[in-house]
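Asks: Top line first, the protein sequences correspond to chains A and B. As numbered in my numbering, the first sequence has no gaps in its residue numbers, which increase by one up to the final residue, 210. As numbered in my numbering, the second sequence has no gaps in its residue numbers, which increase by one up to the final residue, 258.
One or more of the hints may lead you astray.
Taking CB as the label site, the calculated pair distances span [what the hints assert, rightly or not]:
1. ALA122(B) / TYR143(A): 49 to 55 angstroms
2. ILE24(A) / ASP218(B): 55 to 61 angstroms
3. VAL40(A) / GLU149(B): 57 to 63 angstroms
4. ALA122(B) / VAL40(A): 21 to 27 angstroms
5. PHE74(A) / GLY98(B): 50 to 56 angstroms
6. SER205(B) / VAL33(A): 46 to 52 angstroms
7. ALA61(A) / THR90(B): 27 to 33 angstroms
8. PRO184(A) / THR125(B): 49 to 55 angstroms
9. TYR143(A) / PRO123(B): 50 to 56 angstroms
10. GLY32(A) / PRO220(B): 32 to 38 angstroms
11. VAL40(A) / GLU211(B): 38 to 44 angstroms
12. LEU71(A) / THR125(B): 28 to 34 angstroms
13. VAL92(B) / ARG60(A): 28 to 34 angstroms
14. PHE74(A) / PRO84(B): 18 to 24 angstroms
Covered stretches of chain B (in silico footprint by chain A; criterion: 3 or more residues with CB under 8 angstroms from a CB of chain A, positions within the stretch not fixed) [what the hints assert, rightly or not]:
15. 84-91
16. 94-105
17. 108-115
18. 123-133
A short list of chain B residues far from chain A (calculated; beta carbon distances all over 12 angstroms) [claimed, not checked]:
19. HIS118
20. ASN186
21. VAL197
No lab work stands behind these hints: they were computed from the structure. Quick reminder that beta carbons are idealized off the backbone N, C-alpha and C, glycines included.
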Amino acid sequence: MSGVWRRIIALAAVIGVSVAAAWVFEAVLSVGAASPFGHTRYGRAVGWLGLAVILLVFVYPYKKRHAAERHWPRGWFRVHMVAGIIGPFLIFLHSGAHYHALVPILAMAAMVIVTLSGIAGQAIHAYVLRTLHDERRKLQQSGLCELDIETRLHGMASQEETFRLWQPVHAPMTLAFLVLTALHVAGALFFGGL
Amino acid sequence: MRYHPLPITAVPIVAMATMVVVVWIGWGSWRHPAALWAPGDLSRYHADIAPCTQCHEAFRGPSQARCIVCHSNRYFERRSPAASAALHRDMMAQRTACSACHTEHRGALAQITNQARVNPHGEFVFLATGARSCSACHEFGARVADRPRLKDDPLVTLLRKAGGTAHQPGKMAECLKCHGTGQNEE
């Protein structure tokens, strides 16, 4: 088994265990209660907290779009990645394994697709960067001049474009996630009270 | 350099697809609101209720004002034991939210009273004793937490006499040991 597959399996296991842990924790909090945890005051608070954390991820694309002339916002990219994991985890804790109404189910599905496509994108990007570094080292050891190395690496780097299939999934599903989440929140406030 | 997460040509397609989803949800909310919004099936007691606003007030949630349209004082006086009717009359007077004790959307077979009494004897007790309700043998307090008392009436007296020590408080849950196969029922 190659190193890439080992990492993919490890990542899938971590995601599976995290989601299962959130569901089990929610189930424990719901045992003997009149309502599922997500419908209690604390459950709603966890939902709001999850949403707030998720909204933090949008600082990075905003900065990237509007402040790109200064520098790439590395710090906000880290926030983007961390909040993009912790936020959905809190939402899983808020929801538990209770799925009945279609609107929150669709919002949850959109969130899962956005999160997984983001993880896939980051993994592909990291893999390509590492491959480029390895290739550069090999070419330097073979005695090629810097110009030839750059030419060859440019060809390799352009191939990364073919791996960017995750991006047309990540961005549109983000819009769908935002719309569906807004509907879910509006519905919860309408039927459940402010 | 400006960052565009999508090719500019994809934006109208994405916007259109999102609009389609929103319109579909709007249509579904009109035709099948429970499927889109309800967190669970209604109990068997309220399964026929429609629309959602019969119980839910907009942005105020399920309110006592909506509940007492059906569950009025007269309803409790007609259909409930006196203690229960009195309890609900007090609750209404104090404007206590019904959701303080009752819940919904937990499924068709769910109990909708928090910490509701469950029959510790099993439903077979009615067949074995001939009783038609819990209150045939027990007297209940107004609150769910109150321990029911055994009545001093002919049925209870008969059962105690017929069963000897078996028909004593705490023993009735074991009635299937004697009555389960029908061989001791003569």
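Asks: Does each hint fit the structure? Answer for all of them.
Replies: So, going through the hints one by one against the coordinates:
Between ALA122(B) and TYR143(A) the C-beta distance comes to about 54 angstroms, which sits within the given range of 49 to 55 angstroms. Distance hint check for ILE24(A) and ASP218(B): the Cβ-Cβ separation is about 59 angstroms, which falls inside the suggested range of 55 to 61 angstroms. A hinted range of 57 to 63 angstroms for the beta carbons of VAL40(A) and GLU149(B) is inconsistent with their spacing of about 46 angstroms. About 35 angstroms separates the C-beta atoms of ALA122(B) and VAL40(A), a value inconsistent with the hinted range of 21 to 27 angstroms.
For the pair PHE74(A) and GLY98(B), the beta carbons lie near 26 angstroms from each other, so the given range of 50 to 56 angstroms is not met. For SER205(B) paired with VAL33(A), a C-beta distance near 49 angstroms keeps the hint of 46 to 52 angstroms intact. Here the CB-CB span from ALA61(A) to THR90(B) is close to 29 angstroms, well matched to the stated 27 to 33 angstroms. Under the hint 49 to 55 angstroms, the C-beta atoms of PRO184(A) and THR125(B), about 40 angstroms apart, miss the expected range.
Between TYR143(A) and PRO123(B) the beta carbon distance is about 53 angstroms. The supplied range of 50 to 56 angstroms therefore holds. Between GLY32(A) and PRO220(B), the C-beta spacing of about 47 angstroms breaks the proposed range 32 to 38 angstroms. In this structure the hint that VAL40(A) and GLU211(B) lie 38 to 44 angstroms apart at CB holds, the actual value being about 42 angstroms. In this structure the supplied range 28 to 34 angstroms holds for LEU71(A) paired with THR125(B), their Cβ-Cβ distance being about 31 angstroms.
The hinted window of 28 to 34 angstroms between VAL92(B) and ARG60(A) holds, with their beta carbons roughly 30 angstroms apart. Distance hint check: the CB atoms of PHE74(A) and PRO84(B) are about 22 angstroms apart, consistent with the given range 18 to 24 angstroms. Check result for the segment 84-91 of chain B against chain A: holds, 4 residues qualifying (beta carbon to beta carbon below 8 angstroms, three or more required). As drawn, the segment 94-105 of chain B meets chain A at 3 residues by the rule of a beta-carbon pair under 8 angstroms; at three or more, the given contact holds.
Closer than 8 angstroms: that is the beta-carbon criterion, and the segment 108-115 of chain B has 6 residues meeting it against chain A, so the requirement of 3 holds. Residues of the segment 123-133 of chain B lying with their CB closer than 8 angstroms to a CB of chain A number 7, which satisfies the three-residue condition for coverage. Annotated as non-interface, HIS118(B) keeps its C-beta farther than 12 angstroms from every C-beta of chain A; the closest such distance is 14 angstroms. A cut-off of 12 angstroms between C-beta atoms contradicts the statement that ASN186(B) is not in contact with chain A; the least separation is 4 angstroms.
For VAL197(B), the shortest C-beta to C-beta distance to chain A comes to about 25 angstroms, beyond the 12 angstroms cut-off, and the non-interface label holds.
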